[in-house]
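**Q** As a plain string of letters, each chain reads:
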Amino acid sequence: MPANTLYEENELLTRIADGDAAIYPYLHDTYYSSLVYFSLNITQNQQQSEDIAVDTLVKLWQLPTRFESAGKLRGYLFTLARNASLNYLKHQKVRAQSEQEISETEVLVDSRAEALVVESDLMRIIYQEIARLPQAYREVVELLYIEGMPSAEAAEKLGISMDNLRQRKGRAIKELKTELVRKGLNEVLLSLIFF
Amino acid sequence: MDEFSNIDNELPGLLQKLLCGEALTEKEWQLLEDWKERSAANKALYNSLGDPAAVKQMLSTWHGIEKNSEFNKQRGMDRISELAGDRPPIKIRLLQRPLVRYAAAGLLLLGTGAYLWQTNRGGKEGAISQRQAAVIAPIAPGKDGAVLTLADGSTVVLDSLGNGVVAQQGGAQVMLQNGQLAYAGSADGEVAYNTISTPKGRQFRLQLPDGTRVWLNAASSVRYPVTFSGNERRVQLEGEAYFEIAKNANMPFRVAVGDATEVEVLGTSFNIKAYKNESVIKTTLLDGAVRLNAYRQSQLLAPGQQAEVRPAAAQLSLTGHADLDKVMAWKNGLFNFDDATLGEVMRELERWYDIEVTYAKGIPAATFGGEINKQNTLQDVLQILEKSNVHFRLEQGRKLVVIP
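The listed protein sequences derive, respectively, from chains D and B. The first sequence begins at 70 in the working numbering and counts up by one. The second sequence begins at -3 in the working numbering and counts up by one.
Just so you know, these hints were derived from the structure itself, not from any lab. As the structure is a computational prediction, the values presented were derived from the model and not from experiment. Do not rely on the hints blindly, as some may be mistaken.
Claimed, not checked - Quick list of in silico lysine-lysine cross-link-like pairs, DSS-like style, CA-CA up to 30 Å:
1) K69/B <-> K39/B
2) K243/D <-> K63/B
3) K141/D <-> K39/B
4) K196/B <-> K63/B
5) K23/B <-> K141/D
6) K63/B <-> K246/D
7) K52/B <-> K243/D
8) K69/B <-> K141/D
9) K13/B <-> K141/D
10) K23/B <-> K246/D
11) K243/B <-> K159/D
12) K159/D <-> K39/B
13) K357/B <-> K243/B
14) K159/D <-> K69/B
15) K383/B <-> K196/B
16) K69/B <-> K226/D
17) K246/D <-> K139/B
18) K63/B <-> K128/D
19) K322/B <-> K246/D
20) K196/B <-> K252/D
21) K63/B <-> K23/B
22) K357/B <-> K252/D
23) K196/B <-> K69/B
24) K13/B <-> K139/B
25) K252/D <-> K63/B
26) K246/D <-> K32/B
27) K63/B <-> K226/D
28) K272/B <-> K69/B
29) K243/D <-> K383/B
30) K139/B <-> K272/B
31) K141/D <-> K63/B
32) K13/B <-> K23/B
33) K52/B <-> K226/D
34) K246/D <-> K52/B
35) K32/B <-> K128/D
36) K395/B <-> K383/B
37) K252/D <-> K23/B
38) K252/D <-> K52/B
39) K32/B <-> K141/D
40) K13/B <-> K252/D
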């Protein structure tokens, strides 16, 4: 979820340099999910990636730094997350990767870095669109589309009839702008008709 | 790692426009093309955006991350608080509704501006830590509700019932009207007793078969016959209740409290506070006349007077004129903590918020003053109390620890 407060870049950077704890929620809302998403792509372990994201943000308070720009700040955060994620792989005994494999992973990660950051930012935008829907419609999108729950089960969970579910889905599709999500929802609708 | 710093901020937005089927400008297309050609991974991402299943998978991953976001936000904030010092910073929340409201009856707050003060202690600023404030959901105030125990021992929970007949007792009907219990008709034959009890966190109003009105505070019960017969009307009280007795000169009304105290009513309204975990039984007369009988002593009360019975000392004493606002605050939807000790305040909170209070290091000697709306959440009330230099820690399972 985005923070309600928007900060001027300069104010943001000053407050980070000052170690102002009040800025933490904003930074979390802005970077946390992207950092987890990015790290998860490397570690394949969500719990681990959540820890890495939190560690990364907290690091700003452990080593207060004045960043030149918001871009530099982002670069710093993702670099920390990248290193911690690769470190995790190195210490993972189960996978017992060879040095060579690790360095290959590093290269692979770096070659995908930009794509991954863009991908996570795009997901944030699409997800925010869903999150902004009225609750009744949002629930339908989350259950049927994102979580892929069978429609009968979703109707039961929401305590509504199949007809009602179909109506809500129709409304959700009307409200959404992102075509791919609408399409995805529409496909779920088809299966409903045969129920 | 400048590859992260130099990522164009516009790209995700551009891709989103594309996904929404919006037209891109020439310049935007160019930007997109450049990005696509920059790496194989970028191009692969671009291609996968045309695949609904792939996008769905990405969104599903994001959804799973967002689900734990708030939890981890709190973790991060806790860690920063730890870095900053031993104690997390005070977080004063802005409340949507006023913390303190004047009672409808026009009760006045003592003091100007400071609605709550502490008389005998100074000290450092108190704080409910952010962690506790956030991890434990707001504890809602009590509300109307009670359990009715019928003559045969069966029970009816009155919290969730709508208006209508709740039960039949002999020839009498037990009805619920707008959250108030009332009796109609009269039962004949053997005398049947009903009991209304409120758990912690509930209060209730009822009208006895003779028309007497009873306001039952939290954690209290009153036992009465479904039909009053004979030469007196006799009920049994535990906890706290306010009575408005229906006049009947031929049948005096008697409230039995505990083993040895009885209030004989001569047509009147009065409040009895007789919780077992309070050391005194307080009877306060608002109007009319009552006679208190306890331990072979007897005391007649005039309006505005209060008498105390101390079971431990087997003693009955007149305490003179009572602060009626304070006595009746609970019925008017307020806590009145004037001259209350911390122990008294905590016992009130226990009953209304259904919590257990423990003391980390004994009960701090503090007295309070002022009134607080009973519709506040527990956390709101604690925040007010903390201004008087008492500190609290809320733990899971409705446990409140008082720290000095």
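**Q** All the hints need checking, so say for each whether the structure fits it.
**A** The hints, checked one at a time:
1. K69/B <-> K39/B: Cα-Cα ~33 Å, so violated.
2. K243/D <-> K63/B: Holds - the C-alpha atoms of K63/B and K243/D are around 25 Å apart, at most 30 Å.
3. K141/D <-> K39/B: 25 Å, holds
4. K196/B <-> K63/B: 34 Å, violated
5. K23/B <-> K141/D: 25 Å, holds
6. K63/B <-> K246/D: 23 Å, holds
7. K52/B <-> K243/D: Distance ~18 Å between K52/B and K243/D Cα, so the pair holds.
8. K69/B <-> K141/D: 22 Å, holds
9. K13/B <-> K141/D: 26 Å, holds
10. K23/B <-> K246/D: Answer holds: K23/B to K246/D is near 23 Å, not above 30 Å.
11. K243/B <-> K159/D: 86 Å, violated
12. K159/D <-> K39/B: 29 Å, holds
13. K357/B <-> K243/B: 50 Å, violated
14. K159/D <-> K69/B: 27 Å, holds
15. K383/B <-> K196/B: Given that 30 Å is the threshold and the Cα spacing comes to 26 Å, the pair holds.
16. K69/B <-> K226/D: 28 Å, holds
17. K246/D <-> K139/B: Violated. K246/D to K139/B sits at ~44 Å, over the 30 Å cutoff.
18. K63/B <-> K128/D: 23 Å, holds
19. K322/B <-> K246/D: Judged against 30 Å, a Cα distance of about 59 Å means the pair is violated.
20. K196/B <-> K252/D: Not satisfied, since the Cα-Cα distance of roughly 52 Å exceeds 30 Å.
21. K63/B <-> K23/B: The given pair, whose Cα atoms are some 37 Å apart, is violated under the 30 Å limit.
22. K357/B <-> K252/D: 63 Å, violated
23. K196/B <-> K69/B: It is violated: about 34 Å lies between the C-alpha atoms, which goes past 30 Å.
24. K13/B <-> K139/B: Not satisfied, since the Cα-Cα distance of roughly 51 Å exceeds 30 Å.
25. K252/D <-> K63/B: With Cα atoms ~24 Å apart, K252/D and K63/B stay inside 30 Å; holds.
26. K246/D <-> K32/B: 24 Å, holds
27. K63/B <-> K226/D: 18 Å, holds
28. K272/B <-> K69/B: 44 Å, violated
29. K243/D <-> K383/B: The given pair, whose Cα atoms are some 51 Å apart, is violated under the 30 Å limit.
30. K139/B <-> K272/B: 22 Å, holds
31. K141/D <-> K63/B: 28 Å, holds
32. K13/B <-> K23/B: 14 Å, holds
33. K52/B <-> K226/D: 21 Å, holds
34. K246/D <-> K52/B: 15 Å, holds
35. K32/B <-> K128/D: 33 Å, violated
36. K395/B <-> K383/B: 21 Å, holds
37. K252/D <-> K23/B: OK: K252/D and K23/B at ~28 Å, within 30 Å.
38. K252/D <-> K52/B: Holds - the C-alpha atoms of K52/B and K252/D are around 11 Å apart, at most 30 Å.
39. K32/B <-> K141/D: 23 Å, holds
40. K13/B <-> K252/D: 16 Å, holds
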